[in-house]
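Q: Spelled out, the chains give:
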Amino acid sequence: MTRHSGTRWWIAGQLLPLALLLPTGFGLLGVLLPTFGFHPGLNETGFSLQAINALTGDPSFGQAIWTTLISGLGGAFLSVGAAFGFCASIYHTPWFKRLRAPLSAALALPHVSFAVGFAFLLAPSGFLARLISPEISGWQQPPDFLIVGDPWALCLLIGLALKETLFLVLMIISALGQVRADAMVRTAQSYGYGPVRAFMLIIAPQIYRQIRIPISAVIASSVGSIDLALVLGPSAPPTLAVLVLNWFGDFDLELQFQAAAGASTLLLISLVAIGIWDVLERLTGQLGRLWIWSGRRSGWADIAIAAFGQSVAGLSLFASLLSVLVLLIWSFAGQWQWPEALPMSWSLSHWGSSMAAIIKLSVTTIGLACISTLLALILCLIALEARDKGGRSRPQILPLLPLLLPQASFLFGVTILWSALHWDGSVAIVIWTHLLFVGPYIYLSLHGPFQALDPRSALTARTLGKTRWATFLEVKIPLLFRPIVTAAAIGFSVSVTLYLPTLVAGAGRISTLATETLALASGGDRKTLGVIAISLTVLPFLALLASLGLSDFVATRRKGLLI
Amino acid sequence: MHLPLNFPSRRTILIGFTAIAVTSCSKPNPSAGALPGTWEEIMAAARGQTVRWNAWAGDPKINAYITWVAEILRSRFDIRLEHLKTDNTASGVTRLIADKTAKRTSEGSIDLMWINGENFAVAKQQGLLFGPFTDRLPNFKLVDTIGKPSTILDFTLPTLGFESPWGMAQITFFYDQARLPNPPRSLEALLAFATKRPGRFTYPAPGDFVGVTFLKQILSELCADKDALKRQVNPTEFPAMTAPLWDYLERLHPNLWRAAQAFPPDYPALMRLLEDQEVDLALAFNPAEGTTGVTAGRLPPTTRAYTLDNGTITNSHFVAIPFNSSAREGALVTANFLLSPEAQARKADPKVWGDPGVLELSRLTPKDRTLFDAILDHPSMPRPEDQARALPEPHPSWHLALSEAWRARFAA
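Same order as they appear, the protein sequences are chains A and B.
Take the first sequence: its letter number 102 is residue 83 in the working numbering, and every next letter is one higher.
Take the second sequence: its letter number 288 is residue 1099 in the working numbering, and every next letter is one higher.
To be clear, the hints were calculated from the coordinates, so they are not data collected in a lab.
There may be inaccurate statements among the hints.
[Claimed, not checked] Derived contacts from chain A toward chain B, CB cut-off under 8 Å, selection only:
hint : residue
1    : D131
2    : G230
3    : D231
4    : Q316
[Unchecked claim] Derived DEER-like restraints, expressed as beta-carbon distance ranges:
hint : chain 1 : residue 1 : chain 2 : residue 2 : range
5    : A       : F126      : B       : N993      : 20 to 28 Å
6    : B       : F1183     : A       : S334      : 24 to 32 Å
7    : A       : F126      : B       : S997      : 26 to 34 Å
8    : A       : G119      : B       : P1195     : 38 to 46 Å
9    : A       : W47       : B       : P1195     : 47 to 55 Å
10   : B       : R891      : A       : S334      : 20 to 28 Å
[To be verified] From the structure, some residues in chain B lie toward chain A, with a derived Cβ separation under 10 Å:
hint : residue
11   : T912
12   : A913
13   : G938
14   : A1071
15   : E1086
16   : E1089
17   : R1194
18   : P1195
19   : E1215
20   : R1220
Computed from a prediction, not measured in an experiment: that's the story for all the values here.
Note that beta-carbon positions come from the ideal geometry of N, C-alpha and C, so glycine has one too.
The following block holds chain B by itself, in its conformation from the complex:
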């Protein structure tokens, strides 16, 4: 088993962040006290502020939703929301690290960031985030933290109020029932499917988050010691632990699309391959990906969605406020609005985005609940029992470790 030579050193910044994540909650943020006391005062202070929101912009549906949020914030709260479009959340974290190094503790360039997993882990560990702040948001009370534990446990790390849940994601598979009557529902079946129909399946090249999650999915099922996935990667155990994964991929790759000589760069590109009928099976993190494709006329109405019989990786995505934001109040009002039933229902609508919500519907007023009733059961959505089979995310350190090991093996 070969690992990149720089394996331990590349991870130095990740080492021990669990400990820091736990201890830092007791350390009050020095500037946290500058916030006004009541929510009304926060709303008043937010008026006229410009909130620069660093958010991945690879999906036009999401961009359109953010534009809608901006319109509401402007008309209702007098907040100017600017979408800082990125292709990579990590670049926002890099910017904050540079700010921190340059001791730029105020007037930062980002006020809100879309974040989760390893980006949150690093940002939190490096002290790049403002908080805890979720207890200040009136709508946070509506979040289903029991039924959806990932809303407060981000890739095994407690969020401790430093990020506010925004939506849910679950690895979901999509196919056209007319062309593929019996899709593979287990890893073994997937292997058999690829052998029977060579060239008709692929996954995004790891590095990409869906690609890495596909690796985590396989590892979660095949590795012997599942508890080890909840902990920091142990470099000495890593080769033995991941051996079943590489073995599986070695058997899968010869029958992938383009014989695994090329990979789609991300899940939208993979979904596009499904639209073009270059593949028969695609996967994405958004369960509504198929439905939105059908609604937009890109995918046939016979498109269906499902999860594997043993469950698929599920996580939440969040918004966080950088330590040097110059518009904290505006960012708080924005985060609170994102948790409102109105914003959550619209986000969950497959015609808009189809991103599953984080709220506990029983806590909503009857009127608010009807907002969610309006979202029809679409045949291209996964069934509730599919969505119920959720697997937790491994510890954030697995992301980089798996992605690097994949690169060393398959992209050298």
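So that you can see chain A by itself, here it is in the shape it has in the complex:
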């Protein structure tokens, strides 16, 4: 009996990795094979290096690789440094505990909305320039400054860094809960170490090990960034991910092969970037050791680290807030011309005229998010239960794989499979594709709480004759209520903001608020853009609020729940 149940659980536990790895694996094959000239869908069944030659011969190739690597690695480097510096500088202060809510709120801001708002903040004709023009700046017309879309991708790098810093801060906060930080820091302080140094030397190395996967995910997503790159990145030539997107959209069949080779290169760049990161990580470790041996208890470095972390994190929060603000202003703006700092008139008409579209887009967006989140929750909980042996273990790497690859490196490949099966563009495929990204985040967010369950509760239930299934349903899931609600909010937010996966899997036929925002981002009417982007931004916030409200509501009625 028990053995059978064990086998059944083992099989059920494979559902999550299977659901995530099947499309991912096919997707990788679907770009790797055409890279070497093999593409049965286009009647090419030989192998050749033509695609690679075409790619390396492309005039944009060299520059695109360079900007991709610089913005991806640079963005990750800045954000990791800033996140640690920020945490080191404030973890011992009372308001560190109160940071979770504003951080979660800022994190819920979709990349697309952030990019659009950020671009308008920084542009020479944008919000900040309008605030000081013409009185302070003396600019009668917008200055010809190359800020947004510079050919070196620095604007993209900074945008990526600002957006990812808060994510990593939140990851560090979660990881801190699993380290006995207070006691260790107190000991260090009794030896005379300042708080920043104590954190960097003692806590940071322990936490770092736990957030390596999120850091790799940040590198991969930065290297493969499409939404931010389209708005903030260079245009002539764009980054590799954007080039790949353009090539896949071209009707020239040979470009399909070149696009596949580009997607493979994107994967390679991401691996190289993670490899470079690994080397840097070791070097930093060695430097840290030297730092410890120096025996110094405080110094200018503490101040520098704290100042860097606080300014980047502060800027990040500030930029997120301002981005939402300018989008909100645009959505209600009447006429708003340079150099007016605020619209010359206000109007509700954009909301009125877009309402039908907003409702339609929201229904699709929310529907996709709810279904993919629900599926992901079920698969993740079953997978976690199946592997549960009552002790602690690290998260499996396999279900996290889709996060560790640049999106463009496998999403285009898998469309070959869908179209061969005539499933392309169907709602089911879009949901499955969303699952690839929602699943890993939910898995990551449920893993810790699941491990933290007191094994005695389940043991007691089993001793009293409950089956494993009943124990799972009636004991563990109720105990995990709050983490599940939080994970659902995260999953929902992830799904809502997915741009490339929706675009590619939906074959352009399924429009969500995210795809519509980006469609309008480059040249659409800013007022309509504001309306759509604000609608997009509101959804994750609502999910966050709902999860907080639901958790509190349940917490006041039931005691002993996990937080």
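Put chain B on the given structure of chain A with help from the hints.
A: Relative to chain A, chain B alone:
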């Protein structure tokens, strides 16, 4: 002169399509016979069909117009029109090519596509289109095929009834008269303007169709052998032919917006730069672009539009029906409605879209003609004499060739 190494091979699919375009009209489409005989029967068969229309969706005005078309089709013809929004018509052609390769000859995913130029050339040459069908549309008789030859001659290729004209486009320049009293009216003047006011002009990065058309515009004026533009690109002559163009751009670029280190991705982005006063001069394919901006309050009322003294590139855009459409009748009824005076007049209204019509007004009933009278002469529209200076589009093969050569030179 350096060209991309893969220059000839990338063009293999384009080679010789002129010949095929001519011969294929004699080959009847195998499934064409499945259509009902009379228009009434076609309308009856179209009832209840869902027409999925693959159309570029980068402009909210156009999207709103398509939504209006969908409402009419639903209420009047019982047709459900779905707008498949794309940022790139080519992706629709790619999808059809994949369908063709996979031998998916029915139940395709697209029933109607907004198309012209090189996309039509490729789609036609690859046998991806259903037709000829325009002779079946009652409203096609109203099209001004004489005065607007591009309605049947798409980028030098005869349409042969495989696409139905929908609207017209002409490269038009826009500026604010209050800030720029004397806009440049020739290429030489444009160069002088850029030198005098550095950073106040730019064009969409080629790849984008307006960007490539700007290159064609310069080439049409500067190249020695204008007839060569009507033919397939000859790779060996290409460098010498385009030398004056690159020479011109080399002189123009240092004084462009952002010193040509960055370009707007498309014309809406360029128009936005004009709205933000980042540039003093913008160009677009739609002559009413300035007027719609003024009407919407994005551009000042002093906005004006004009074409160059030597004329500007003009073309038509069309709708075509894919070979594997599952709603041909519905697509035909849709194409016919798009040609109706009612739909054409609404499209031409700058408050709606401002896309110039394709109809010969003298062929309309007096009542229908009043629909067009209602569209006021707006000061931000180009004057009729500006619109009369039309230059033809070069052969479709120039699009990719110019765009690639530009990339090799300026985006590497």
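Q: None of the hints should be skipped; say for each whether it holds.
A: Status of the hints after comparison with the structure:
no.	hint	result
1	D131	holds (7 Å)
2	G230	holds (4 Å)
3	D231	holds (5 Å)
4	Q316	holds (4 Å)
5	F126/A x N993/B: 20 to 28 Å	holds (27 Å)
6	F1183/B x S334/A: 24 to 32 Å	holds (25 Å)
7	F126/A x S997/B: 26 to 34 Å	holds (30 Å)
8	G119/A x P1195/B: 38 to 46 Å	holds (43 Å)
9	W47/A x P1195/B: 47 to 55 Å	holds (50 Å)
10	R891/B x S334/A: 20 to 28 Å	holds (22 Å)
11	T912	holds (6 Å)
12	A913	holds (6 Å)
13	G938	violated (14 Å)
14	A1071	holds (8 Å)
15	E1086	holds (7 Å)
16	E1089	holds (5 Å)
17	R1194	violated (26 Å)
18	P1195	violated (28 Å)
19	E1215	holds (8 Å)
20	R1220	holds (8 Å)
Hints 13, 17 and 18 from the list above are not met by this structure, while the remaining hints are.
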